[in-house]
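The hints should help you fit chain V onto chain D, whose structure is shown.
There are 2 protein chains.
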Amino acid sequence: MSEYTAPLRDIRFVLEHLADLDGVAALPGFDHVDADGVFSVLEENARFLEDIVAPLNRIGDAQGSVRNDDGSVTTPDGFREAYKAYVDAGWNGVAFPPEYGGGGFPWLVGIAMQEILTSANMAFSMCPLLNQGAVDMLLHHASEELREIYLPKMVTGEWTGTMNLTEPQAGSDVGALTTKAVPQDDGTYRITGTKIFISFGEHDMSENIIHLVLARIPSAPPGTKGISCFIVPKLLVGDDGSLGERNDVTCMSIEHKMGIKASPTCVLSYGDGGEGAIGYLIGEEHAGMRYMFTMMNNARLSLGLEGLAVAERAFQMAVAYANERKQGRAPGAPAGEQSSIVEHPDVRRMLLTQRASIDALRGVIYANAAAIDLAARHEDDATRSSCGELADFLTPVSKGWGTDLGVELTSLALQVFGGMGYIEETGVAQHVRDARIAPIYEGTNGIQAMDLVGRKLPMRGGAAVADYLGSIDATIAELADAGDDLASIRGALTDGLAALRTATDWLLANGSNEPLDALAGATPYLRLFSVVTGGWVMAQQALKATAQLAEASGADVAFYNGKVVTARFYCEQLLPQAAGLVPAVTATNRDLAAAVF
Amino acid sequence: MSEYTAPLRDIRFVLEHLADLDGVAALPGFDHVDADGVFSVLEENARFLEDIVAPLNRIGDAQGSVRNDDGSVTTPDGFREAYKAYVDAGWNGVAFPPEYGGGGFPWLVGIAMQEILTSANMAFSMCPLLNQGAVDMLLHHASEELREIYLPKMVTGEWTGTMNLTEPQAGSDVGALTTKAVPQDDGTYRITGTKIFISFGEHDMSENIIHLVLARIPSAPPGTKGISCFIVPKLLVGDDGSLGERNDVTCMSIEHKMGIKASPTCVLSYGDGGEGAIGYLIGEEHAGMRYMFTMMNNARLSLGLEGLAVAERAFQMAVAYANERKQGRAPGAPAGEQSSIVEHPDVRRMLLTQRASIDALRGVIYANAAAIDLAARHEDDATRSSCGELADFLTPVSKGWGTDLGVELTSLALQVFGGMGYIEETGVAQHVRDARIAPIYEGTNGIQAMDLVGRKLPMRGGAAVADYLGSIDATIAELADAGDDLASIRGALTDGLAALRTATDWLLANGSNEPLDALAGATPYLRLFSVVTGGWVMAQQALKATAQLAEASGADVAFYNGKVVTARFYCEQLLPQAAGLVPAVTATNRDLAAAVF
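The listed protein sequences correspond, in order, to chains D and V. This note's numbering numbers the first residue of the first sequence as 1 and each following residue consecutively. This note's numbering numbers the first residue of the second sequence as 1 and each following residue consecutively.
If you're looking for bench data, these hints aren't it; they were derived computationally from the structure. Only a predicted model underlies this, so the values are computations on that prediction, with no experimental measurement involved. Mixed in with the good hints, there may be bad ones.
[Stated by the list, open to error] Straight-line alpha carbon distances no greater than 25 angstroms define the calculated SDA-like cross-link-like pairs of lysine to any residue that follow:
hint : chain 1 : residue 1 : chain 2 : residue 2
1    : D       : K326      : V       : S253
2    : V       : K326      : V       : M420
3    : D       : K180      : V       : K180
4    : D       : K456      : D       : P515
5    : V       : K225      : V       : Q316
6    : V       : K326      : D       : A220
7    : D       : K84       : D       : Q63
8    : V       : K544      : V       : A26
9    : D       : K456      : D       : M289
10   : V       : K180      : D       : Q63
11   : D       : K456      : V       : A333
12   : V       : K326      : D       : G454
13   : V       : K544      : V       : R12
14   : D       : K225      : V       : G328
15   : V       : K326      : D       : P515
Pulled out of the complex, with its shape left as it was, chain D reads as follows (with noise of 0.2 angstroms):
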């Protein structure tokens, strides 16, 4: 069975037709990018992510990285090497400014490549993915001094960069935290506390690590408003970016998990030598908990990515294993030959369920990094704005509905195998227990349930969520002059569109009287939401392919119109499931506050 194949066709299909990466590329600064190039640039990354990273996810799962007794840690055989061509080749900066050594292409195209990358290899993934996110943190917060000492080699990552908020009581209540930052004379901090849960903590692919540390500095007021964020290297560099000391952060151990097994996720101590770890304030006193929501968006983004990679290539597995396994006798099959599963209509239907929640979570993630990208760079003040909302809107929804699904279609895909799917070296069961993680880091989905409730439903009143709410109304207009065709899509997501519509008012009318109601019923919320949503891009699927039909010839007409075949399936066969959400959003917290547990 090949490793993995990435599907660059369906990537090309969403960022051209449901992502506008035409619009995207048009805006300042990206000059020098366009949809040709772009899509080279990714047959380029796919080939090196598949021949270089997917055949080490095996074995990254078999041996999983190992803390030595001097507290380094080895990561599994071949992803050193395979780390290194990474860099060598320039992909981790593509979609890092130039300023910094980077390719400077936008969000979306380095959306794109990260499906590839976590497909190939989740928990190698990790590593570039925190990495990312450090990097964030520093061109949008740190001082330019520090930015150009670090930034140049976190962007090529020769250095790779971590995110440490987690303490031991301290995870969804970050503000709990009491890591402690000691100001010095010399306006460096002394960082001293233990944080938990740091993903690429220490490793031995890189030559330094740049640990971003959320600590408290002593005068700092209580909860979240009195964090700030520190950079802690592993090994000290000096102004000119050579590698000093080793600083007083220690590895002392990595835990057991159900998977991502070559991702060692640390436990750190800082400070345990003496004084504390030497650290660098970033930015403002105090004001660490903000920086880290302005990164928000993305880091959740990523994760919902995670589910999407994670399902698409077990669900590639599922296909090739159903194509090539036989047995039973499909209707109207001839007398004793067994058939391949795959012509089994309950074969099918797992299949079918797999590619048309992956095609939809796509549609949603690649417009959801458009949002991004429109809202950071676009000129126009009311298109950022509406795009940020959008944003806004479509991040709880790639994050939770995302990362959930990752968990639902993987299983899906073990499914299809029956008892060989249960076989660790058939692989298909590691992805099942990679894709357990991404519904609880990075904000648990509960927690993205409340964050869509309780700070996105109430944007302008509510009439941020109308507007939002108005954008899928219009997508049923264009399904009405669509013909006959998209009837049944067009019904479907009316209905669909009803039921969000009931349960959205009923929450701006109780919620903010009677919060314990809306939290009550946030995450069916946060399901129902995301499944109309689902529907909503899938009807614009379909109409999209509708439309390259009028023109399509040779094998762009099967591919055509098996999008419009998946979108109908998505429409008629899972989106009525959403309206039966409607109670349990609007339930209020009765039945949950009587229970005795």
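Just chain V now, with coordinates in the frame of chain D:
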């Protein structure tokens, strides 16, 4: 965190009020059985399993069973001793017939004990579970001579049985098996072939292993009609029951699985050493598949029970953690203090979703077991027949829905733990991994769905399913008499039933003409059928608990109130999701057929 406490109060409620223990105990042959006796047996059983078997669950996963170079298999530390204690205490035989040394308890009681055993340690439980299937087969189909030789020691558990169906090319398609059985002059057969996925096919917990092997006699017709079933003991057994020479069956390897690692999943080779392993025919030639089918309801019910049991244990862990873990501040909690996470509405939703689904599933499975007892033993022909039909409908629900919920609910339990849930030492991830096998084995859930649509719906030309739906009508009528408190339950069940009727009528009208359309809709139909059946059971729970409340006092008031809250939550918030499945049932095979994979 305590390991596991058997939910005896919940089990008692189900036995008394939802599964008619009194009615079962009144059946012929159960003169020695009454409710009080049953509950004291269950208490003692629970104590044993909590103390001796439950603590071995983690080590079983960490060590796994290991195959040694000589082909023997070593189970994890403590398993041998625990199994011996289990046998010595007489637990294995409680639900087997007294003629062979069993306790003669109803299957319903056996199911309750099996729930506790499986919660305590799913991997361990598979040894008695497979043995039970083998005992069942011998009881119903073997000659008196074979029964007298094998059953006494299998009933005590001193010997354990296995079921050998699967071969590499013959999984769901059992008829494709090729293992050969050549008749000998002395009336025995010589067996040659390779079987895979044989749970506890080799191990060190019992002095002998009795393999029941499906094989093909040279003269046999092709397909399932040419399959015979043989006893192939690991050690040959004299007519006096004495152990003799080693038979020619070898464990070639064991699988590395995602979960249930302590349960050795063996590749068994028969007849590798020469003329074949010695086997003894059970019943008649070519009747093996028919014999298997008579055991299917029991076996599939046991699998559904695995979903329930593992979900229950994971739920208990989640409740304990939610009470213990402090994080964030719940609405209304004092400023400056972290709340237990059980105070957060979203966490309560996760917990109540687990509890409600577990209650519904336990009700379904125990009612299913009671129906099997009644169908086997009731003096009245019509009752036997109607209970047999009830069991026929409930079995795919128990197996298909029960095992799917096992996966979904353990995953929800893990989510309650946040990042800690992903760490293997916490223990909840093991339950997710263990639970994932159950939707696959003993007939994948896709096969359960096809069984429901293809075999069960057509019973008596649709009159059987009409009776089933009519029973739900009767419960709705009872709810109408029960006053306003249960009005929302009545409304939700009425709507759910209407949706189920729509889908059922459509399948009855179209399924026989267009079998592909029926197969295409089978999986969403099973889910729809199951969720509504769960609502039916929860409505009964609400009725019975309400009735008990009239006379309850002390802790009972809280208990019965809790049962009403749980039932209402299920019906108001989970049951409405059923109706959204109707479009997927009635969509026809069109899009599934049009998709290209």
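These are the hints, each one checked on the structure:
no., hint, result
1, K326(D) - S253(V), "holds (24 angstroms)"
2, K326(V) - M420(V), "holds (13 angstroms)"
3, K180(D) - K180(V), "violated (73 angstroms)"
4, K456(D) - P515(D), "holds (14 angstroms)"
5, K225(V) - Q316(V), "violated (46 angstroms)"
6, K326(V) - A220(D), "holds (23 angstroms)"
7, K84(D) - Q63(D), "holds (20 angstroms)"
8, K544(V) - A26(V), "holds (21 angstroms)"
9, K456(D) - M289(D), "holds (19 angstroms)"
10, K180(V) - Q63(D), "violated (41 angstroms)"
11, K456(D) - A333(V), "holds (24 angstroms)"
12, K326(V) - G454(D), "holds (22 angstroms)"
13, K544(V) - R12(V), "holds (13 angstroms)"
14, K225(D) - G328(V), "holds (15 angstroms)"
15, K326(V) - P515(D), "holds (21 angstroms)"
The structure is inconsistent with the numbered hints 3, 5, 10, although it conforms to all the rest.
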